[in-house]
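*Asks:* Using the hints, position chain B against chain A.
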Amino acid sequence: MTKQNGNLNQMKNFENKSDFKANTKNSSASSPKSDFIKNFSKTELLNFYREMLLIRRFEEKAGQLYGMGLITGFCHLYIGQEAIATGMHHTMKEGDKVITTYRDHGHMLAVGSDPKKIMAELLGRKDGSSKGKGGSMHLFDLEKHFYGGHGIVGASVPIGAGLAFADKYLNRNNVTFCYFGDGAAHQGQVYESFNMAKLWNLPVLFIIENNHYAMGTSVTRASSVDELHKRGIGFNIPGVKINGMDVLDVIYDAQKCVDYVRANNGPMIIEMDTYRYRGHSMSDPATYRSKEEVNCKKEQDPIDNLRNAMTAQKIANDEDFKKIDDQIKNQVNDIVEFSKNSPEPDLSELMTEIYN
Amino acid sequence: MTIRKLTVREALREAMAEEMRKSPEVYVIGEEVAEYNGAYKVTQGLLAEFGSKRVVDTPITEQGFAGLAIGSAFAGLKPVVEFMTFNFAMQAIDQIVNSAGKTNYMSGGQVRCPIVFRGPNGPASRVGAQHSQCYASWYGSIPGLKVIAPYSSADAKGLLKSAIRDANPIIFLENEITYGFSFEEDYDDDHLVEIGKAKILRQGRDVTIIAFSLMVKYALEASVELAKIGIEAEVIDLRSIRPIDRKTIIDSVKKTSRCVTVEEGFPFASIGSEICSIINEEAFDYLDSGVKKLASIDSPLPYAANLESLALPKTHDIVEAVKQVCYRNK
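Protein sequences appear in the order of chains A and B. Residues 314 to 669 in the working numbering are what the first sequence spells out, letter by letter. Residues 275 to 604 in the working numbering are what the second sequence spells out, letter by letter.
Just chain B, same shape as in the assembly:
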């Protein structure tokens, strides 16, 4: 174990480079991943080290190159497909869900699809409605896919390495704002993080706050604010959307009896909705108040700065939501 300070961007790059060195059938494909060094510079340096056979620039044809990558996975390769953002992956969603997600089952286990689809998910800043959607719940509902959403650098690296080694199709949801965040964390030599395990970032006894991706930052900030008024929040970083770590969620809620969920996606049929349902099924009798879910407003995301600032959950909203479930909002 070594302590290292890495940005999320560097961590993702290291994950890909290490797996490409380890396994010759791993390759990266997507728009601007090679000569441009990545639209968000995540793949910077990979072309120089591995060459154009293994770092492949595509034309702007998401449906086509997703399908092509899937076919190559059927035939023995391990593609890491970068979508410039997951908004553009909607062009390819039939390939992701029907060709990648379902084929192992429909073939009775004959045809496996070891593929990773990765890229920024959710809002960035002021990029408007078509470039800001969070797809966690859309992909999270598909049996056959795994869906991962790391927050910290060590988790980004460890989960991406695990994802690349996994024999299943994986949706790897990154976040543009967090690419530049720096974290000082412990790393193993071959740093792997198990898929499907949430992480408790802060222990607490009064309320469970469940978040993923950028919202973890605000959840942690909220927990500091809440501690000042005597509310000790337990903060869970989900890390995996599918499989979701039901045990960690339920054990925590059984301890705290209250829960607030936070995400940037639309509220209807959100990850928070699913967590409400899980808690309802397995810990209803432990609740002292209803679960509160925070999400974006139920509207396409506006461009104007003042409107956008009202559209997405912030630290303050989490604090207020916790006070509500603790009946401390007078």
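For reference, chain A alone in the conformation it holds in the complex:
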């Protein structure tokens, strides 16, 4: 069996396993997946809830501050997609790297960066993660191995392959989590990255956050074949589609993909089926989709999903959730206070850090 045939068979193994079949609804019937919740303690589950809620409230607040003129320019919110960043973070090990596009606030929060620094950056203040010089699309936190934050659609994908290249070169047993959207999935450099990642066996997980709209263009209007997890077939890269609206589904299905990549099998593609409840950015009124569609998708809200599942299984009660709701509310208020009180950068910062 040649190496190529072996890889194709591996891919078929992934596709044939029933737990990898597309699952866009939260299954309440008894199955390995519905029992998966029992693998976690109450504390762990409440932490998932907390992390997703922090992203949600942070993003809602960013939307408000944008409306007040405190954040201007581009601001792309992650509302609705929280289960992906939160769930995937659970599958990461120390030293694993994250890179994404401009819809980056949720990802940076999920890896544990200081939310005050993120909000201060959105407001263009000196205490921001990029000292106010980058803005919403250019968030970085190298201590947390978060490599941005990139404004050009598709450009972050070869960079992600490059992060993995460095890990392999330096013999680090790490995985790069390279996120991009359904829109970016059409960029030529994405396929150049797939080719090199497979050719050189790079430890990179390509995660396509398919929220079904690239700005105003639906994925069906832009794709000759819209099963994005199959875009790797031409490169022998296995791909799976995962329900991105349920944090436990994300963990359950993605862990195996992460393990595959970490075991030096080369890259994989995950297509996360998700939805953003707001427009592409703050300047998008999103008239290209109906209110009915949005409301229907809100029934799959990942935060409600988890809360309902935990309540149904009597793992937590209203009081547990209210406690977290209040904590997050206070935390976000503190974040906003801190950011508003942080001054703009010194004028001397204008011409610094152009060069190292």
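These aren't lab readings, by the way, just hints derived from the structure by calculation. The C-beta atom is built at its ideal place from N, Cα and C for all residues, glycine as well. Among the hints, erroneous ones may be present.
Now the in silico label distances, taken between C-beta atoms and shown as ranges [as the list claims (entries may be wrong)]:
no., chain 1, residue 1, chain 2, residue 2, range
1, A, G376, B, M364, 56 to 64 Å
2, A, T530, B, Y577, 27 to 35 Å
3, A, A535, B, E594, 50 to 58 Å
4, B, N603, A, I667, 40 to 48 Å
5, A, R602, B, A322, 44 to 52 Å
6, B, I451, A, R534, 46 to 54 Å
7, A, N577, B, A322, 22 to 30 Å
8, A, E456, B, P517, 26 to 34 Å
9, B, Y577, A, R485, 32 to 40 Å
Straight-line C-alpha distance at most 25 Å; calculated SDA-like pairs for lysine to any residue [unchecked claim]:
no., chain 1, residue 1, chain 2, residue 2
10, B, K376, A, F387
11, A, K457, B, N442
12, A, K481, B, K473
13, A, K543, B, E458
14, B, K473, B, A501
15, A, K481, B, A501
16, A, K611, A, D647
17, A, K457, B, N372
18, A, K406, A, N514
19, B, K327, A, N578
20, B, K296, A, N669
21, A, K481, B, G350
22, A, K439, B, N372
23, A, K457, B, K376
24, A, K481, B, A441
25, A, K374, A, N669
*Replies:* Here is chain B on its own, set in the frame of chain A:
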């Protein structure tokens, strides 16, 4: 210091090999750099010495491998990316400018990108319009990039070593015609040339001729011709486009009061245009005549030999331009 005779090609190869021996995180990546030994044989021998992990042949995917190399630089490696020519680097120019050039600033200094993009720039001979463009002014305008264009072998070696050690993204513009030129020069053991410093190759009092890359050869030839008619030209080899050595340019023009610039790029928004502007800002009162800039004709480069020979500046054109600024053209 030792006197050695090296071709530009050998000098570049030595620079890469020495830096790869010194630092394990330095690696070379590009099309045909490994098993083919380099499209222009610059990387010959590197694969044999360092192996395929450190000398990496890529598929023909400039945007992808430039982005990949940049990502690897973010994560701790020091790539030397070879573009077979800088014409092909246009495929990758977003990665070079937006990902490599701007990220240090946009990240508030968190994310550095120590990378060198090198390869032949400008016309070769009879290779036609798409394979002949000079990119000095396009890259030269980008804050965040450094742009280097050496002429001689010692400068090629010293500047490439400095570039590889530099923590910034660097565009290293070579020239296919000069790869085979041989120079007998002084070399230090660890031969480094400071980035951002021009070199005065010939002192003179009557006119300053500013050139870079292959045009330095013609500038020097012109200075010999001019000396025969009593015009003593000061010839400056720019060596760095960004940062450009304003001090050397201005000090020279203040001395000579006249200036001619020479390059192979297109005339509009050229390096010569920028030098005119610099002199205008800092030495206007010292000029005895307007600065004359020589560049290619304002046209895509033709293939036919007779047309191509009219399209690019030659020694004769530099002599005539100097005579004009010296009011000696009657």
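*Asks:* Take the hints in turn and mark each one as holding or not.
*Replies:* Results for each hint:
1. Separated by about 39 Å at the C-beta atoms, A/G376 and B/M364 break the suggested range of 56 to 64 Å.
2. A C-beta distance of roughly 42 Å is found between A/T530 and B/Y577, which places it outside the suggested range of 27 to 35 Å.
3. The supplied range of 50 to 58 Å is met by A/A535 and B/E594, whose beta-carbon atoms lie about 57 Å from each other.
4. Between B/N603 and A/I667 the beta carbons are some 43 Å apart, a value that agrees with the proposed interval 40 to 48 Å.
5. Between A/R602 and B/A322, the C-beta spacing of about 59 Å breaks the proposed range 44 to 52 Å.
6. About 50 Å separates the C-beta atoms of B/I451 and A/R534, a value consistent with the hinted range of 46 to 54 Å.
7. Against the hinted window of 22 to 30 Å, the Cβ-Cβ separation of A/N577 and B/A322 comes to about 27 Å, which satisfies the hint.
8. Between A/E456 and B/P517 the beta carbons are some 31 Å apart, a value that agrees with the proposed interval 26 to 34 Å.
9. In this structure, B/Y577 and A/R485 break the distance hint of 32 to 40 Å, their C-beta atoms being roughly 50 Å apart.
10. Restraint check for B/K376 and A/F387: the C-alpha separation of about 18 Å stays at or below 25 Å, so the hint holds.
11. Distance hint between A/K457 and B/N442 is fulfilled; the C-alpha atoms sit about 23 Å from each other, no more than 25 Å.
12. The suggested pairing of A/K481 with B/K473 is violated, with an alpha-carbon distance near 42 Å, which exceeds 25 Å.
13. Annotation: proposed proximity of A/K543 to B/E458 is violated, straight-line Cα distance about 58 Å (limit 25 Å).
14. Under the criterion of a C-alpha separation no larger than 25 Å, the hint pairing B/K473 with B/A501 is consistent with the structure, at around 20 Å.
15. Distance hint between A/K481 and B/A501 is unfulfilled; the C-alpha atoms sit about 59 Å from each other, more than 25 Å.
16. A hinted pair counts as satisfied when its Cα atoms are at most 25 Å apart, and A/K611 with A/D647 does not qualify at roughly 28 Å.
17. Proximity of A/K457 to B/N372 is assessed by CA-CA distance (about 23 Å); at most 25 Å being required, the pair is judged to hold.
18. Of the pairs offered as hints, the one joining A/K406 and A/N514 holds, with about 19 Å between alpha carbons and a cut-off of 25 Å not exceeded.
19. Among the hinted pairs, B/K327 with A/N578 is consistent with the structure: their alpha-carbon atoms are about 18 Å apart, no more than 25 Å.
20. Between B/K296 and A/N669, the direct Cα distance comes to roughly 21 Å. Compliance with the 25 Å bound is thereby established for this hinted pair.
21. Between A/K481 and B/G350, the direct Cα distance comes to roughly 12 Å. Compliance with the 25 Å bound is thereby established for this hinted pair.
22. A hinted pair counts as satisfied when its Cα atoms are at most 25 Å apart, and A/K439 with B/N372 qualifies at roughly 23 Å.
23. Of the pairs offered as hints, the one joining A/K457 and B/K376 holds, with about 21 Å between alpha carbons and a cut-off of 25 Å not exceeded.
24. Restraint check: the Cα-Cα separation between A/K481 and B/A441 comes to about 22 Å, which is no more than 25 Å; the hinted pair holds.
25. About 34 Å separates the Cα atoms of A/K374 and A/N669, which puts this hinted pair outside 25 Å; it is violated.
In this structure, the earlier hints numbered 1, 2, 5, 9, 12, 13, 15, 16 and 25 are contradicted, and the remaining ones agree with it.
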